[in-house]
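Novice: Sequence:
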Amino acid sequence: MAQHLTGKRVTEFKKSQINFCAIFWVVVATEMLANGDSKIVLEFKDTEKSREIWPYSFHLILEILISDSLTLQLLTRNTGKQPFAIRSHAYFNVNPLNFSRKTPTI
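Quick note on the UniProt record's numbering: the sequence shown kicks off at 1 and runs consecutively.
Derived from the structure by calculation, the hints contain no laboratory data.
Where a beta carbon is used, it is the ideal one built from N, C-alpha and C, also for glycine.
A couple of the hints might just be wrong.
As the list claims (entries may be wrong) - Cβ pair distances, simulated, as ranges:
1) Gly36 with Ala85: 31 to 39 Å
2) Asn93 with Lys45: 22 to 30 Å
3) Pro83 with Met32: 33 to 41 Å
4) Ser88 with Asn35: 20 to 28 Å
Build the full structure now, drawing on both the sequences and the hints.
Specialist: Here is the structure:
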């Protein structure tokens, strides 16, 4: 099982510690591209409050491209002297019925 450098296993962290990025993102840019796609750039820099949850210095940039598909690109920069490991995952709140199609059977 993966461990943070503090020695705690991921399962030992409270839910708020694991998902804390979700509440700190700031929109820094939005753009409608020439081809009609949409691009959103989010940023999260560590703060005193974030270091209460995760004690590392960092700068995250998340680029989201919305087109016929969804593309997420995460840039992680360690702005401190202490090394760390980071993992990411996404939660999408969607109605599955909006993305399903019933096809006729023969």
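Novice: What are the numbers of the hints the structure violates, in ascending order?
Specialist: Of the numbered hints given earlier, the structure breaks none, since each of them holds.
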